[in-house]
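Chemist: Chains as they are written, first to last, in the working numbering: chain A, 131 to 361; chain B, 155 to 292.
These are computed hints drawn from the structure, not numbers from a lab.
Fair warning: there could be bad hints in the mix.
As the list claims (entries may be wrong) - Derived pair list, reagent style DSBU-like, types lysine-lysine, alpha-carbon separation capped at 35 Å:
| id | chain 1 | residue 1 | chain 2 | residue 2 |
| --- | --- | --- | --- | --- |
| 1 | A | Lys314 | B | Lys253 |
| 2 | A | Lys314 | A | Lys228 |
| 3 | A | Lys228 | B | Lys253 |
Said to hold, decoys possible - Facing chain A, according to a computed beta carbon distance under 7 Å, are these residues of chain B, among others:
| id | residue |
| --- | --- |
| 4 | Tyr159 |
| 5 | Arg179 |
| 6 | Met186 |
| 7 | Ser187 |
| 8 | Asn193 |
| 9 | Thr221 |
| 10 | Phe223 |
| 11 | Ala229 |
| 12 | Gly247 |
| 13 | Ser249 |
In this text, all values refer to a predicted model and were calculated from it rather than measured experimentally.
Think of the CB as a built atom: it goes at the ideal place given N, C-alpha and C, for glycine as much as any other residue.
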Amino acid sequence: MTFAALATTAGLSQTRGFLSPTGVEIAFLLVGLVTFGAAVVTVTTRQLVHAALWLVVALGGLAVEYLLLTAEFIAWVQVLIYVGSVVVLLLFGLMLTKAPIGRSPDADSGNRWAALAVAVASAAALVWVVVDAFRTTWIDLDGPAEGSTEVTGQALFRNWVLPFEALSVLLLAALVGAIVLSRKAKATPTGTASHGPSSGADGPAAAPADGPAAGPASASEGRPSSQEGAR
Amino acid sequence: MHLAYPAVLSALLFCTGLYGVLARRNAILVLMSVELMLNAVNLNLVAFDVWLSKAAEETLHSGQALTLFTIAIAAAEIGIGLAIVLAVHRNRGTSDIDKLRDTAEGHEHDGPDSDGSDSGTPATPATGTAAEKAEATA
Numbered sequence: 131m132t133f134a135a136l137a138t139t140a141g142l143s144q145t146r147g148f149l150s151p152t153g154v155e156i157a158f159l160l161v162g163l164v165t166f167g168a169a170v171v172t173v174t175t176r177q178l179v180h181a182a183l184w185l186v187v188a189l190g191g192l193a194v195e196y197l198l199l200t201a202e203f204i205a206w207v208q209v210l211i212y213v214g215s216v217v218v219l220l221l222f223g224l225m226l227t228k229a230p231i232g233r234s235p236d237a238d239s240g241n242r243w244a245a246l247a248v249a250v251a252s253a254a255a256l257v258w259v260v261v262d263a264f265r266t267t268w269i270d271l272d273g274p275a276e277g278s279t280e281v282t283g284q285a286l287f288r289n290w291v292l293p294f295e296a297l298s299v300l301l302l303a304a305l306v307g308a309i310v311l312s313r314k315a316k317a318t319p320t321g322t323a324s325h326g327p328s329s330g331a332d333g334p335a336a337a338p339a340d341g342p343a344a345g346p347a348s349a350s351e352g353r354p355s356s357q358e359g360a361r
Numbered sequence: 155m156h157l158a159y160p161a162v163l164s165a166l167l168f169c170t171g172l173y174g175v176l177a178r179r180n181a182i183l184v185l186m187s188v189e190l191m192l193n194a195v196n197l198n199l200v201a202f203d204v205w206l207s208k209a210a211e212e213t214l215h216s217g218q219a220l221t222l223f224t225i226a227i228a229a230a231e232i233g234i235g236l237a238i239v240l241a242v243h244r245n246r247g248t249s250d251i252d253k254l255r256d257t258a259e260g261h262e263h264d265g266p267d268s269d270g271s272d273s274g275t276p277a278t279p280a281t282g283t284a285a286e287k288a289e290a291t292a
């Protein structure tokens, strides 16, 4: 089926050309240039907060690209989750780690030129392979949208229900893990003091072996196990 | 639309993120670059899903479903990653990944630190800042 589709698209491609781009292609190209430029500024700017704000431009541009590809639901999910929550989380992270507001000259490490060489080499290889592979391939954007909410919802809840439910378990695990990891170290000595006798032998046995410096880590690991024991 | 447009943009975004991961020093900037790489993969998935759903009559929409899963996993990843970065920053006083080399081998200038006992290793490089933070939180 795919082979026949390839044959038909190859046949269709005779009527289309590189030199006569459609309006959608021109819009995709312009938004893509903005997105790529914002991404480059994100990874090269020395002002940390500006990097997060340029990331908003890059992710928003990608949402527009999804809209141009008729993937409407993905576009709004992108706006909601990435622009709405991930960037806010990143800004909070920058704030809580006391990032300098002005220019920070040590934002880039010393292996910048090696990284640039690797990135340029992989970009050249990937672009060459991709252009060579899909030179005669066209996306047919006419007709009903392939990514409307109805189509995506039917595909998701008809064929992908089990991974969808497993994903909720993953999100719950990530939630619990983030709370456990970001708990204040000040609260852990009282926690081990109160949970120490009830949790049995592993708490006192583990603490002297790891030494005083590893105390908060082992204590924070001891908390969930004791909570599970309480359940 | 020609399929090369989204594919090339996706490749360029991925390599931009790759440069960011390799060249950045702040851990949060590295996380931003990881987000860029994940978004490049998402664009590829959506473009190929739209192409295959029309060209090959594919009704499973695996590309869009996997895109949604990738977005959710990226959200979980950024939450866990920021929690780890904040915990490291609280314990060490820095989120500079060039300075977090306790498990590295063969660094001569880090010799006394990395050759010390297990209990002394995390406390030694940032004793001053750790003590300050302990006083500040107490």
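Chemist: Now, for every hint given, state plainly whether the structure supports it.
Modeler: Outcome of the hint check:
1. Lys314(A) to Lys253(B): Measuring from Cα to Cα gives roughly 23 Å; hence the hint holds.
2. Lys314(A) to Lys228(A): With a Cα-Cα distance of about 17 Å, the restraint between Lys314(A) and Lys228(A) holds, given a limit of 35 Å.
3. Lys228(A) to Lys253(B): holds, 17 Å
4. Tyr159: For Tyr159(B), the interface hint holds, since the closest Cβ of chain A sits about 5 Å away, which is under 7 Å.
5. Arg179: Holds - the Cβ of Arg179(B) comes within 7 Å of chain A, reaching about 4 Å at its closest.
6. Met186: holds, 5 Å
7. Ser187: holds, 6 Å
8. Asn193: Nearest chain A Cβ about 5 Å off; hint holds.
9. Thr221: holds, 5 Å
10. Phe223: Given a least distance of 6 Å, the restraint on Phe223(B) holds.
11. Ala229: holds, 6 Å
12. Gly247: Hint violated; Gly247(B) Cβ to chain A Cβ min 9 Å, cut 7 Å.
13. Ser249: holds, 5 Å
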